[in-house]
Structure formats: structure tokens, C-alpha cells
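Undergrad: Okay, here's what each chain looks like letter by letter:
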Amino acid sequence: MITRVIVKKSTYRDSISLMKISNSISKLPGITQAAVVMATELNRRVLSEAGFVDAAIGRASTSDMIVAIEAKEASSLDAALAETERLLSPAEKTTGEKAPPTSLEEALKLVPDANLAVISVPGQFAKREAMQALSKGLNVFLFSSNVSREEEVELKHAAKEKGLLLMGPDCGTSIVNHKVLGFGNAIREGTIGLISASGTGLQEVTTLIHKAGLGISQAIGTGGGDLSEEVGGITMIQGFELLEEDEQTKVIVLISKPPSLGTMEKVLEVARRSRKPVVVNFLGADVDPSMLGKLRQASTLDDATRVACELAGVKLGGAAPVIPKETMAIALAEHKKLARSQQYVRGLFSGGTLCYESEIVLQPLLGEVFSNAPIKAENKVRGDAPSKKHSCIDMGAEEFVEGRAHPMIDFSLRNKRILQEARDPETAVILIDVELGYGSNADPAGQLVPVIQEAKALAKEAGRHLSVVASVVGTEGDFQGLANQEKALSEAEVLIMPSNAQAARVSALIAAGEKIEPAILGRSN
Amino acid sequence: MKSNSGSQSTLSNQFELSFLEASSVGRVAYTRLKEGGEGTVQGVFDSAINILFAEGLVCLVPEIVQRGPLNVTLRLPVAPPRMSSLGVRAGDRVRVHGFALELGNRHLVSFGSARIYSPRKKFSLPMLTNGEIDANMEIMRKNALLFGNMAGLGELLALMSPRTAKATAKNLNIFASFAFGRIVRLEQAFRSEKKSTLEDAVSELIGLGPGLTPSSDDMLAGLVLLCVLYGKNRGCAQRASQLLAQVIAEEARGRTTLLSEEFLRQAASGRGNEPIIRLCAALLTGRRDSVERETRSLLAIGETSGTDTVLGIVLGAMFCTGRRLGLIEGESI
Chain A
1 MITRVIVKKS TYRDSISLMK ISNSISKLPG ITQAAVVMAT ELNRRVLSEA
51 GFVDAAIGRA STSDMIVAIE AKEASSLDAA LAETERLLSP AEKTTGEKAP
101 PTSLEEALKL VPDANLAVIS VPGQFAKREA MQALSKGLNV FLFSSNVSRE
151 EEVELKHAAK EKGLLLMGPD CGTSIVNHKV LGFGNAIREG TIGLISASGT
201 GLQEVTTLIH KAGLGISQAI GTGGGDLSEE VGGITMIQGF ELLEEDEQTK
251 VIVLISKPPS LGTMEKVLEV ARRSRKPVVV NFLGADVDPS MLGKLRQAST
301 LDDATRVACE LAGVKLGGAA PVIPKETMAI ALAEHKKLAR SQQYVRGLFS
351 GGTLCYESEI VLQPLLGEVF SNAPIKAENK VRGDAPSKKH SCIDMGAEEF
401 VEGRAHPMID FSLRNKRILQ EARDPETAVI LIDVELGYGS NADPAGQLVP
451 VIQEAKALAK EAGRHLSVVA SVVGTEGDFQ GLANQEKALS EAEVLIMPSN
501 AQAARVSALI AAGEKIEPAI LGRSN
Chain B
1 MKSNSGSQST LSNQFELSFL EASSVGRVAY TRLKEGGEGT VQGVFDSAIN
51 ILFAEGLVCL VPEIVQRGPL NVTLRLPVAP PRMSSLGVRA GDRVRVHGFA
101 LELGNRHLVS FGSARIYSPR KKFSLPMLTN GEIDANMEIM RKNALLFGNM
151 AGLGELLALM SPRTAKATAK NLNIFASFAF GRIVRLEQAF RSEKKSTLED
201 AVSELIGLGP GLTPSSDDML AGLVLLCVLY GKNRGCAQRA SQLLAQVIAE
251 EARGRTTLLS EEFLRQAASG RGNEPIIRLC AALLTGRRDS VERETRSLLA
301 IGETSGTDTV LGIVLGAMFC TGRRLGLIEG ESI
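Protein chains in written order, with our numbering: chain A, 1 to 525; chain B, 1 to 333.
Okay, chain B solo, but in the shape it has when bound:
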């Protein structure tokens, strides 16, 4: 294997590189890679290597992370399958040659036989009634409270039940406490259908909380994605949802981490990683078993990201179905 000092590597010396095969490429990632050119490794984590190209981020992830609009999923011959074990480091150059990507003079990633991931925004099953969606939301909420990580905004899920609201409200963590009133204002702004009010409310949430994708962003991504998909599948795009998507895409710029900004923009376009899309589909069209399964699967993602996204999806469903937010809505605590 070559050292990392030179930058003269071309495909002609690929025999010196280790070969990795991609099993799927997200539609957005594919568009960015097709442009060719060079990128830089922005971050190396166990679950992803993020590469910054001129058009935006592309994330190399092991297959267990699953498909997503920005993801290139890799069959990783490493146990456990950690991207950080590949020896790539932040700042390494990345070159795209046709359907292959040369990574830090160490690896050649082929995406020539990968399948393109582009989730359908229109679900295959018919939409449930709002009452049935309500029941599914409750299943999600209870599972999140039982199995989720409450270090981000997840505690707010407990505020939706009169039984647990008062005790929880007294002990909210610093981020949940900060976000609490702002989510109430976001709901009011959503119902007002006024862009300027929505801009104020969204800008007060973007970038808040722990994590590389801050908790509020995960929540907003789940919320806006659900709103967009609800509109598409009900066949009556709601003006409030359209406005919310537009505002989130605009307000994300420069207010949060680059990765989070990308996720928010994709969510506002109705795109998301596979587990999030599957949970939205289960909530709007599925039965108890699938809602539980997909909720658990999403909760397992990241540290607080999964729980925060579940909160967002629950809130999105409440916004769309017109269900009142209970105590969150403004009852004094």
C-alpha cells in the first residue's frame, strides 16, 4: 500500500490500492460524483467518511448505516465495519475517475455496479385515516420514551401526555428547555401560513443542541420530511408544509454544521435516509408491527439523532393532521 505523502496517484497504479465496492449510491451523491473532479475528506467517523465536493457532501458509509440521498454504501471487509478503520484521515484528497473514486491514495471505491437509491415519495399503500395515524403516533411516542435517548430533545415527547408532562417539564435538559417554547411558536407559525413568522420560528431552532447534526436539526428534518410526504400522499399539498420546506431549506444555510445543513435541505425536498423514509411510510400507511419495528430501527441511529428525528416525525404528523399538541401547545406548566 502506498504512503499518504504523494498526490500523483492515478488509475494506472490502482493495483496498489485496496478495492472497495459500493452497493448503492444515493441520487444526490450520484449527481455530485458524476460531475467528477476532486474533493476533500471533511471528517472520518466510525459510521461515515464525509467528502466535500464543490457541489456538496457525499458520505461513504458501511451497508449497516443503510441507503440515503447523500450516501454511498460500501461492502466493507472489516469487522466490525467501521469507516475509521480504513486509515483515511480528514484532509485527504479524493478524486473521481469515471465510476470510481480514489480515496486518500489508499482505496479505490467502485460505484459502477451500485444501485441508485431514490426513494419513492408516493407510498405503495393507501394513506390511513387521521385517527389511525394518531394511533400510530402514540405507538412511536411510547417506544421512543421507552427505548430512546433523552439527552437531546426527546424529553419533549413526554410533554405530550398529561400523565408525564408535569414531572418532565420541571426537569428538562438545557436544550429541551430552550427548544420547548420555540416548538410551540413553530406550530403557531405553521398554522398562520405566514412565511415571515415561519422564518422567525425556524431560525430560532436550527443548530440547537448536541451532536454533529444538532438535535433541533434532526427534529426539524423529521418534521419537514413528514409534512412533505403527507402532502404528496394525501394528494393535497398543504400550503403550510410547502412554506415550511422552503423556509427550512433557506434558513439552514450557514446556521448549522455542513452535514446538518445538507440533511435539512434534502428533507425539505422530501428525501431522507432509508430508516426515516420507512418510518414515515409506516406511520402514514402501516400497522402497529411495522410502526414499532421502524421506530426501533430509527431510534438506534446515532446517539440522540434517532430519538430527535422520531420527535420531529411525531410533531410533523400532529401539524398535518391538525391534532392539538396538548400541554406543549401552551398550557402553563
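Bound conformation, chain A alone:
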């Protein structure tokens, strides 16, 4: 083993940067130990005791930073040192170079013809910033959450009066003129226009459309509160009118969790007047057929994709739910490997709508599904409580993200939960979603694979076989690389399904076995 110590005089980085650098260096090939710490007396002593002997350590003072690396060979050490320098350099540059704009006014001086502002400030300041943007004639993509319903109504009325669109608050995804705002994927240009009150729902349908070989014209996010009684679907209706007038859009898809009844009637009334074919996917909503008229209803996100593609001229496979025979066989073989105690599906989701959709799929097949965001109020459980029977947990819920990055970026809480579920002798299947694209973690599979391997090993040690089923929301154009991500997960023995709903169906089949086969195939027993 060879070691190297570098002392950076009077160098400060915040703790997050120090830990990130430390972790990045530790993971490089051939590196056995790495530490990036402030040169306090005790840290110097700990490093000495860990085998880092260098006169520079003794000369360092508490305001200096020490980088200590141990490697198996010189080439690994050199590579690690070069990487350390690279990681340490950008922050130095960003503090010295020309500062980015610090206000809307400054930003507009830089881009005077801008017509849209993306706002992502803490909720308490969001209304002020959004109002400013509207007053300057800008459409708004409002990523901020924790904006009250009253403020949302006020903002949306102000936008509507000015003929502007306010997407949000709490709007995770939009694709406007082929530019992705917030979380989103690289989607082909095409003729299907979407309006969605659900961020991950929009990601799921747009990526499935892309995978089917078609593309989108626009994808407008409205924010989760738009279809509430108070807001009345202002943005969805405005968005609908825009798509109605848009020449490129030939088919319109509406996506949401169940809207309030009054708002649903209002939105569907506008949709029924459309000259274009419309697909309605209000997940779990009880829509009276008389409210639909000629509108096409879809029960799940993959079903919405199938219907939209068909209306756009491309017929996909059979009607959902369909599980290919080979997949059925794999699922039933997995079921046979389970121990007697293993009965339940444990869904752990980054995407709130994907969690909700899974509950909608699982409940008719398996019975009660417990969740922190349940479809039935009586099935509500705390997100951090140990799982109860069949469970679907939305790890992006407020209780998990306070002060933290969203689980699409920070996998730490979900990874802990995966291990927790693996230890539970009642867990048969862990069901997960994986989101690629802008804003998401740079390597989701890299985050998940070691944990899934550990989870499977934990179960094996206890004499059980643990199934893990996933769907990957993404396209080959996403910077993480869809094929690479799916390959890495498959190699960790994760069963990859083409859609979230399909992943839920297969999970149900693994947990319950042949007895639900007729239900899966849509036959009565």
C-alpha cells in the first residue's frame, strides 16, 4: 500500500463538499482509504494512527485541509490525486468569476426576450417572485412547494387575466417547446399533447410514448393542486385551450390523481367540446360514463399511453393489463422460491403518482394496500412506520423530504428502507420505480445495485429468496443511459418491467402466485 497526504493551506469547504469529495475519492478503483478533513490536532492524530505518516501533517494548522489517500498502486494514487484537484477546483472558480444574476431584473437584462420564468424558491417567497414574473409578462413554471391554496388561486387568476400560464405550484415536470423544465426526460417531438397534474405521471406517459416510437408536442404540468375544488382546474383548462389551438397537437391526454367532483365536471365539459381526440386518465377516479361522452378513458398510465398512441395512428400490443407468457412464467417461478412467511408486496416509490397507481393496480388483485398516501383513508399509515401487510410508501412525501433532496436525487432514505424490508420475513417482493432524466440522480442504478445486492444477501442469510421488481422511467436520450441503467439493475437480479403498472401486476403475481392469475388475465375465477 502507498499513501499520500496533501495539505491545502487555509482552504475551507462546507461539510457537504468535504464528504462528497471524500466519498468520491474512496470509490475510485484501487483506493483503499481516503479522508478529506480539517487539520485539527485530533484529526491529524487519527490519520497518523491510520498509517498516514507525513511531515506535512505535523505542520498543518486547524484552518488547513488535509487530503489523505491510501492506494494499492501508484497509478491509482495519481488518478485519485488528479480527481481530488478537479473536485476541489470548481468552487474556487465559481466564487471568483462573474456572478450569475441575483434577481429577475438582472436575468431579464441578460435574456430580454425571455417569456417564461422558472421559480424554485422556498414556498414562503414563491408568491412574491411569481407575481413579479407575471407582472413582467412572463409565463411561470413554479417548482416551489408549500404554497397555500389561497395563494395558488390568487396567482392563477392573475396569470389567466394576463393571458399567461402558471404551471404549479409544486410542479415537478413540463416540456414546453421541447425544453424540459424541472424533472423530465429526453422525449421525441410528435403529435401528442399532454396536460398533467402529476409530475411522475407525466414522466411515465411521455417516456412510454417515446418508447412506442411516437413523440409529444407539449407536456404541460399544472401542479398537484390544480384540480382541487378551490382552484377549479384553471391551468388544466388554459392548457387544454392552448393545445386545442396548437396545430402540431393531434391528440390530447389529461392526467391526474382523482380530481374534486366539481372540477372534474368542469374540465371534462371543456374536453368534450374538443375537435381533437382526448384521453382521460384520472387515476382511481370514479368517472360517470355520461361525463365522458366521446372522450376515451384510461385506467392506468400505460393504458393512457396505449390509447393515445392508437389515436395517433399506432396500435400497440394488446389491451392492458397484459403480461407476456414468458414474464408470467418468470413471476410464477419467483413465487415458488418464496418461504411460507413471505406474503407481501412492499412498494417503495420516488414518484407519488407511481405509488398511487401501484395501489390502484394491487388492491383489486391482493386486497388492502396500506400507504402514507392511500387510495382509501382507512388504509393510511405513517411513512416511517414498519410496513404493514401489502404496502406502498411514497418516499417523496413531505414527511421524507423536509430539508432533504427529493428521493429521485438522494437515495439514502429509500436505500435504508429497502434493507429494512429485506429483513422483514413477511416481505415477498420489493417494488420500486427508477426515474432517469434531467434533475434526477446521475446514476440511479449505481445507488441501488449495492443495496439491492445487500438486501438479497440479507434475505438469503435468513433462508429466504427476495424478489425485486422495478420499472425505469426514462429514454435512451437521457444522460444516465436507459440501457446501461436497466442492464446494471438486471445484473443485480432485478426484474425490469416496461411500465410501473406492469411492475405492480408482476409483483402481485410473485407474492400471490397462480391464485391471482385469472384476475391478472381479466378472467373471473
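Just so you know, these hints were derived from the structure itself, not from any lab.
Among these hints, one or two may not hold up.
Straight line, CA to CA, 27 Å or less: simulated BS3-like cross-link-like pairs of lysine-lysine [claimed, not checked]:
id : chain 1 : residue 1 : chain 2 : residue 2
1  : A       : Lys416    : B       : Lys170
2  : A       : Lys72     : A       : Lys27
3  : B       : Lys170    : A       : Lys456
4  : B       : Lys142    : A       : Lys380
5  : A       : Lys20     : B       : Lys142
6  : B       : Lys142    : A       : Lys388
7  : A       : Lys20     : B       : Lys232
8  : A       : Lys72     : B       : Lys170
9  : A       : Lys389    : B       : Lys142
10 : A       : Lys456    : B       : Lys142
11 : A       : Lys250    : A       : Lys266
12 : A       : Lys276    : A       : Lys250
Using the hints, position chain B against chain A.
TA: Chain B in isolation, oriented as in the chain A frame:
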């Protein structure tokens, strides 16, 4: 906007500076700023710009970081609200003019209408019994194990439960492993009420671990702050707590980073950043919901700082209530 080359800027050319407004100023920061004069930007991070004045540090932070004795919280018109995006750099000069602070010839920070933050050391609700505090500690511990970052000393929280202790003890990270026996000695020193023993124990912990505020310091800050607040609110200042506060304030000098030294000295005086004070209050006077909420809020701070501070607060409560530390206390592992 002016370039950063000149140093002749005065309030007369403030129209060339961008204007930022402070919403709160910590009592200690206010005292330092009131002295006027010049300071130097010591470090620029996403969550703070630290300025060194003759009397000590003042930290400019976005409002989301919350109030603290050294903090000046700013309404930042930037999304996301990162101090590093203001274009200020380490070494820039800072001048105080009345109730405004000229920052690196780029920004003028007004604290004239800011509220002064000075947390009450006496809580508004009555203290819980030691048994109830025990139950709250357990909630904190479990939440930290579930949601915390274990790269610092957080792993030691698992040693307090016989169920997880043995497995954890075998795999402690280098810093937790180093601190493990020293915390046992600190507890013994605390109970001995001997200053020299406490000095030895504290000096063996200050400055240990990763982070700009090393993990052990975050732990000690939480521990001593809880001890001081427990004494104030029980109405019977414990000699051991007083001694511990005195020793930590003295031993911090020169043994750790400047920022950490400042935090330790403030904690020893019963002062801390808002999330830490709120968690101490919840632990000693609150119910499950508030303990959980405040624990999560503190865990979200920094990389390991939040978790290490929660560990310190749990240890402080154990020291004060006389609860045994279980396996940490010396059972062989």
C-alpha cells in the same frame, strides 16, 4: 456593478451595489457588527458567507438556514438561495457602516430593520419528568438511526440499544471508533465533577472527525447546550454541567476550526442555532410529534452535523438525567 479591484467604495456609491435585506441578526453577531470597522470574508459556501471581524465570526446565511447567535439571515432573491451565487469570494473586504454592511464591493446588506435573535434559555412549557424525557430521547435516537447520516459519530447511537450494539460495534467508522472510548471517559469525568478530569476527556474529543465543524464538536455542542438548558429549566444548575461548559469553552480555543470553536463557545453559554434550541426544548418539554418534527429538522442540517448534534443532545440528556449509557458505558464488546 463595480469590479472587485478597488477598495475605495463608500456608502456614497451604494447605488452601484446590489441591496440585500437581513431579516434577523443573532445577538452575538449584532454585538460584533455594532462595533463597526472592517472584516474579511473567511469562507464562501452555499449555505453561508463567514466574515471574520476582530471580535470573531459573523455568518451571513439565507433564511432557510434559520436564525442563530452568529447568523445574519438574508432574504435572498436567488433561486436556489445559495450564498455562493452572490459572487463574493474569500479574502474580500467587508465594511460596516451604521446598520449596513458593505460586502466585497458587490452588495450592501442592511440589518436596520432586522429582528434580533436571542433565544430564551427558559422554556415556556414546564419540564417533563425524567421518565418522559427518556421516552423522547428514544424517539430522537430511532429517528436519527433511520434518517441520519452515519459518516460521522452517528453510528454510536446504535450502541445504545442491546439489539443493534454488537453488530454496529464491529463495523464502526474510523472516527466513531476513535471517539467511542473517549465518550465513555467523558461521562465518567462528568460524574466525577473534577475539572482536570473533564479537561482531559474534552481535549481528547475536540476537533475530531469529518466536516468544517468536526463531528465531535457538533456532538459536544449538542451535549453541552442540552446540559446548560436542562440546568436552567430544572432550576438547579448542576455543578457538573457548569464545569463541562467552562471546560468546553476553554479547551475549544485553537484546537479546532474557527467556526467550530465559535459554535462550541456559544453552546457552552446556552446559545445555539434555532433548530438545535427547538429540539432541546421539544426533548425537555414536548410531546412525540414535536420531538419527531424537530429531530428531522435538525438531521437535515449539513452532511453529518445534524446527526452528530442529535447524538450530543441524547448524550447530554442521559448525563443530566443520570440514565446509564448501556453498552457505551463500558460493557465489553
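Undergrad: Return the numbers of the hints above that this structure violates; sort them in rising order.
TA: Checked against the structure, the only hint that fails is number 7, while the rest are satisfied.
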